[in-house]
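*Asks:* Sequence:
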Amino acid sequence: MSLDAAASAAAGLGQLSLNRARARAAGFHGGHARRTAGPGSEFWQYRELQPGEAIDRVDWRRSGRSDHLYVREREREDPVRLWLWVDGTASMDFASRDGAPTKLDHARLIAAAIGLAAVAAGERIGDLARPGANSKPDSLFASIVSSEAQLPAGAMRAGDVVLLVGDFLDGPPLDWVEAAAAAGAVGTLVAVADPAEVDFPFAGRTHFEGVEPGDAEQEFARAENVRADYLAAWAAHLARLDAIGKVTGWTSFMHRTDHAPDAALATVAGWLRG
1 MSLDAAASAA AGLGQLSLNR ARARAAGFHG GHARRTAGPG SEFWQYRELQ PGEAIDRVDW
61 RRSGRSDHLY VREREREDPV RLWLWVDGTA SMDFASRDGA PTKLDHARLI AAAIGLAAVA
121 AGERIGDLAR PGANSKPDSL FASIVSSEAQ LPAGAMRAGD VVLLVGDFLD GPPLDWVEAA
181 AAAGAVGTLV AVADPAEVDF PFAGRTHFEG VEPGDAEQEF ARAENVRADY LAAWAAHLAR
241 LDAIGKVTGW TSFMHRTDHA PDAALATVAG WLRG
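With this note's numbering, the residue at position 40 of the sequence shown is 40, and numbering never jumps.
Don't read these hints as lab results, they were simulated from the structure. It cannot be assumed that every hint is accurate.
[What the hints assert, rightly or not] Taking lysine to any residue and the SDA-like style, the derived pairs with C-alpha atoms no more than 25 Å apart in a straight line are:
| no. | residue 1 | residue 2 |
| --- | --- | --- |
| 1 | K246 | R273 |
| 2 | K246 | A158 |
| 3 | K246 | W271 |
| 4 | K246 | A266 |
| 5 | K246 | A95 |
| 6 | K246 | D170 |
| 7 | K246 | D258 |
| 8 | K246 | G171 |
| 9 | K246 | A155 |
| 10 | K246 | R22 |
The task is simple: from the sequences and hints, build the whole structure.
*Replies:* Here it is as structure tokens:
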């Protein structure tokens, strides 16, 4: 997965304004300038004092150079920021067919494309794994493609919107999401799955290697005999993901790596736009 591929996918989305998060954060103020007058700390422009306004609003230094009284306006600040996170655990580096994209390939593309589309709209972006990374396209891409495994400790806040992309096979991070939602953040999870994980197409003698450190290898003489149990476990996994939305108001989407990422990108972008 390259920066060019992510940029191409982002271009297909157009500029991505985070309207859903901005609506949720109404009434809160942060540090993101929105190029309009309002509460904030940075100078925006001078304008003439309007009838009925208090005289103590006058900027006397500016007014002294004119025959009119002027007010110094600040630029409105906006608390909204998009935080991205890609699951970098070993289970993500998996494809059931030689030459097929891994789950990690698709996860990185989805996160980077959404991030770049938001940057194009002037939104602030952060990588949860590296909060200090800047949002220039090459820096954002470099940060996303070297993702770390664990969600970091630390509180989210009202105005934060979070995109988590992974397989969540160890269980969705419900406690982390609940804390973020309680702080006022909104977000979505994209659960990336290989088609073999969804369909369990195995039959006959099948050997399964461990993926994560400590995983045991398993071998079945007739893999089809465990298919029903596996599919029941997979359904429970999907139910846990679905429960996040019911508990927190966040949402989740499933994406298969044998499908083009366009539909998943459009779904996530549509949700973020509100």
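*Asks:* Keeping to a limit of 25 Å between CA atoms, is the pair of K246 and D258 held or broken?
*Replies:* Answer violated: K246 to D258 is near 28 Å, above 25 Å.
*Asks:* Is K246 close enough to D170, meaning Cα to Cα at most 25 Å?
*Replies:* Holds, because 20 Å separates the two Cα atoms, which is no more than 25 Å.
*Asks:* K246 and A95: Cα distance at most 25 Å?
*Replies:* Violated - the C-alpha atoms of A95 and K246 are around 31 Å apart, more than 25 Å.
*Asks:* With a cut-off of 25 Å on the C-alpha distance, tell me whether K246 and W271 pass.
*Replies:* Between K246 and W271 the Cα gap is close to 16 Å, so the pair holds against 25 Å.
*Asks:* Taken at face value, is the distance from the CA of A155 to the CA of K246 at most 25 Å?
*Replies:* holds (21 Å)
*Asks:* Compare the distance between the alpha carbons of K246 and A266 with 25 Å, and conclude whether the hinted pair is satisfied.
*Replies:* holds (22 Å)
*Asks:* Regarding the pair K246 and R273, is the alpha-carbon distance no greater than 25 Å?
*Replies:* With a Cα-Cα distance of about 20 Å, the restraint between K246 and R273 holds, given a limit of 25 Å.
*Asks:* Given the hint that K246 pairs with G171, test it: the Cα-Cα distance must not exceed 25 Å.
*Replies:* Cα-Cα ~16 Å, so holds.
*Asks:* Starting from K246, check that the Cα of A158 is at most 25 Å away, please.
*Replies:* The hint holds at about 19 Å.
*Asks:* With the threshold set at 25 Å, check whether the alpha-carbon distance from K246 to R22 stays at or below it.
*Replies:* Judged against 25 Å, a Cα distance of about 21 Å means the pair holds.
Hint check: violations occur at hints 5, 7; the rest are consistent with the structure.
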